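Produce the entire structure from the sequences given, and follow the hints as far as they go.
The residues making up each chain are set out below.
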Amino acid sequence: MSADYDVAIVGAGFVGALMAKRLAEHGCRVLVLEAGNATGATAEDYESNVRYFHENPFKTPNSPYLPNQYAPAPSVLELAKIEEGEPNTSGYMVQNGPLPFSSNYQRERSGTSLHWLGMSFRMVPADFEMQSRYGVGVDWAIPYQEMNADYEAAEFELGVAAEVEDQTFHGIGFRDGYVFPMHRIPPSYQDKWFGKHLDGTTVTLDGDELEIAFKPLAHSRNSIPNADYDGGRGYTPIGAPGAPGVGERCEGNASCTPICPVQAKWNAGKTWATAPQELIDIRTQSIVTRVQLSADRTKVTGLEVTAYDPASIPPVGTPEVVTAEVYVIAAHAIETAKLLLASDAANSSDQVGRNLMDHPYLLTWGLAPENLGSYRGPGLTSGIPSLRDGDFRSRRAAWRTDLTNWGWTFAAFSPGSDVERMVRLEGKYGSELRASLANELPRQTRFGFLVEQLPDPRNRVTIDRRYVDALGAPRPVIDYDVDAYTRNGMVAAREFTRQVYDRLEIEEFTAYHPGDPGYMTHRHESLSFHGAGHIVGTHRLGADPTTSVTDTDLRSWDHENLFLVGCGSMPTIGTSNPSLTMAALVYRASRAILNDLGKR
Amino acid sequence: MSPSPRHIETREDLCRHLQWAIELELSTIPLYLTALFSIEEGKNREVQQLLRSVVMEEMLHMCLAANLLHAVRGNGQGPKVTGTAAPSYPGVLRHSDGIEMRLRSFGPKALKLFCSIEQPAAHEASSQPDHFDTIGQFYAAIAEGFESLGADLFERGVNLGCQVEPHTAYYGGGGQTVVVTDLDTAMLALAEIVAQGEGVDETVWDGDHLLFGERRELAHYYRFDEIVEGRQYRPGDRPHFPSGPPILVDTSAVRHIDPRLRERVESDELDPEIVRLIEICDGTYQEVLASLEAGLNGDQQRLIDAVPLMYQLEYQGRALTKIPIGDGRHAGPLFRAVAT
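Chains as they are written, first to last, in the numbering used here: chain G, 1 to 600; chain R, 601 to 940.
Keep in mind that the hints are not guaranteed to be accurate.
[To be verified] Chain G regions said to be covered by chain R (calculated; three or more residues, Cβ under 8 Å): (1) 40–54; (2) 220–228; (3) 232–240; (4) 247–253.
[Said to hold, decoys possible] Chain R is nowhere near these chain G residues, computed Cβ spacing over 10 Å in every case: (5) P57; (6) S63; (7) R175; (8) P314; (9) E325; (10) D418; (11) Y429; (12) A435; (13) S436; (14) R443; (15) N488; (16) E505; (17) T521; (18) W557; (19) E560.
[Stated by the list, open to error] Computed beta-carbon distance windows for the label pairs: (20) R:S852 / G:T42: 18 to 26 Å; (21) G:D228 / R:D868: 53 to 61 Å; (22) G:N371 / R:A919: 21 to 29 Å; (23) G:Y52 / R:G830: 24 to 32 Å.
The hints are simulated quantities; they were obtained by calculation from the structure and are not laboratory data.
From a predicted model like this one, the values you see are computed outputs, not experimental measurements.
Even glycine gets a Cβ: it sits at the ideal position worked out from N, Cα and C.
What follows is the structure, given as structure tokens:
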């Protein structure tokens, strides 16, 4: 019996889109199964999401989208402190703690690209060699140099705007003559102000003297195309699908995370729109509940799928089985682990769900002595890559830090909290209130630190029959902690802030409260973290079937026609936002799949 | 007034006409923008998209006309868009056969004006270097001028650095700029302007798919005609007989800008605070024009700077249309290019 499709992909998100496009470009018939809705599939629907976000009083990553009881997803609003021995079961994720896992993801067509930050960085070589260089974590089984061509492919598809000169640090090597598809998003006034005062100076953290150099970031946001791209053929920015002439350039909107109002920030909708439509079937509202295996367990034979439609009676259909030659699970690190555990698949190593990592995100903030022009433009335009690697990584976590252009916003709920303080506590109103706001808000500055975590098998996703969703599918159960290595990095971040703020006469207002879900202390320093949405490590690739879930082609060690693709594949998290690396891994896995199917 | 000449016969005359072309393209933009700003956000999506797309193409036409001028002007004056080069509203569309321009909200009167501006030339219509009936006839006279003056017009490399190149600071927006270096590229640039406005070969389509291999789009005139007819064109439809799905216009989602707003502002009838906001918007428009003029004369950074100013203009213009000034009328932008 011949299979329904060449390839079936579970998850129509970031990875699903990139992979479906690449495979279809080589003539594969691809089925994509998506648990969530087809939100944002038309320009009009996308705009309705923008309006919904503007009108929603809670500005969280998931705020532009309607909740979906059939394909629930975690929300930052359900985070809480966890008391010992009492898991927090109030949200979608069951949190055993001791600390809450604070990141979320989107279960919709186009997935988490619907709320991502839009940053596309390459990892640095040391991120791939943590064990051999620093004696912590693990090494990747993929040599860093092998990533180069796939990084380039990812930078094309994700429409990256950057300059090679800004992105060359800590051994990141670009091919001679390479340029990014588009020129960089210009640094903000604040970026230049910090750079003017600090570039070339040093900070001393934990005995290490480290140099500061502010550099513009690499964005998946449309900017001016680089005429030298692709050997002088240039690059054509992709705007909003279905709305001609819209979104071809970043307009500097200050709400582009989570949702860019014009689609100048990349989302997977652009990949769907430019993929060979006739070879790709996307079935949304279709939940894969089980991976079926052959009797000898060497192959996947089918996927059990339950479709639902809230507008039908009954809303939930009867399960069916779909078949393909090759199967790909790309459902995001937590959902992929959940499905494999529920299917008792791909887990001979006992590593599925383990080594869960994020970038615990530490914020520090202050009030500058002069107007920095805060609350304008995209959220982040410069960072300090010089601090992302060094010998200190044998002792403490490295971090990627950047300046936000959006004042204190979610660090302190500004500007709403400022209005409230001035009115209630300072008794201001009318023109005096306006003058106070105009004086303070543009001086608000904030650092964000994405602090690396090491792979730890105790940080993990499991399932438990006691905890299921509306359709009876397991909810993810999370055990999570932040170890001393990462906390050491956070302490260094606080010290960094003090030294810099002292030098620039910035008054620090950082304040963490024991009631914050991510509150903790370490070495007499109070700390607090948020989730970064960088969910990594639950089905890591490797060279050894006993310590990894897939080989370096992202093929399951246990089932020869099953590929597991996503941030879950990454053995370490390093200090880069992981999307670009994940995208590069898509092209790596795609080559192996095309090879299997004889389509290369 | 002396009778207009029948033909463009000298380089100077051609340059003068190309400057007029720049002014002509610029003249249309405030008309379309005013109509666009008058529609409530998120309402009448098709109409907003249509107006926006036409504005973007008029900007492209202005840019193409500027490139044409640089290609032939030698040491002569470069493109001008500031001060008196910019039109005044209300007023007559310069060098047309008396087309009356007035800034209006989106509605039947505005549509009628837009159609008369973008009116296609009849197949047998003669070229008209001045007092033109249709823009197509005006550009036909320019094309004839290029052809009769011939290859001698072009000197290798002269003013090349002043032209706006495609895929650089200028990109996107339903067509590409063309660097004009010879008769062929001049004709390509002219064809792009006329085809986007009026359609090609008496069809409703704009020719981008023929010229640049791009997605098929309606020429401006027929985009407006779709709204007049209340129906979309489909492939194979003849002019004025669209057979596609209906276009429904929600007239309640349009704010009615006072068509005599300028007269009321200048006779001090309005609240000074409203007048001040209108003047701020005028100032932004003047900054846009100054940046554009520098950008169209080779200063690429000024062209880049013009983009955020255009957004500023849109925010201010839309905000003005939300200010009621009595009798159900609203304020709006006046696009005064000369400080009052």
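Against the structure, the hints come out as follows:
1. 40–54: holds (count 3)
2. 220–228: holds (count 3)
3. 232–240: holds (count 5)
4. 247–253: holds (count 4)
5. P57: 19 Å, holds
6. S63: Holds: least Cβ distance 18 Å, greater than 10 Å.
7. R175: Holds: least Cβ distance 22 Å, greater than 10 Å.
8. P314: Given that every Cβ of chain R is farther than 10 Å from that of G:P314, nearest at about 34 Å, it holds.
9. E325: 35 Å, holds
10. D418: 23 Å, holds
11. Y429: Holds: least Cβ distance 20 Å, greater than 10 Å.
12. A435: Label holds. Min Cβ-Cβ 19 Å, cutoff 10 Å.
13. S436: Correct as stated: the minimum Cβ-Cβ distance to chain R is 23 Å, above 10 Å.
14. R443: At about 22 Å from chain R, G:R443 clears the 10 Å cut-off, so the statement holds.
15. N488: Consistent with the label, G:N488 stays out of reach of chain R, its closest Cβ about 43 Å off (over 10 Å).
16. E505: 30 Å, holds
17. T521: 45 Å, holds
18. W557: 46 Å, holds
19. E560: 43 Å, holds
20. R:S852 / G:T42: 18 to 26 Å: 24 Å, holds
21. G:D228 / R:D868: 53 to 61 Å: 56 Å, holds
22. G:N371 / R:A919: 21 to 29 Å: 23 Å, holds
23. G:Y52 / R:G830: 24 to 32 Å: 30 Å, holds
Against the hints set out earlier in the document, no violation occurs for any number.
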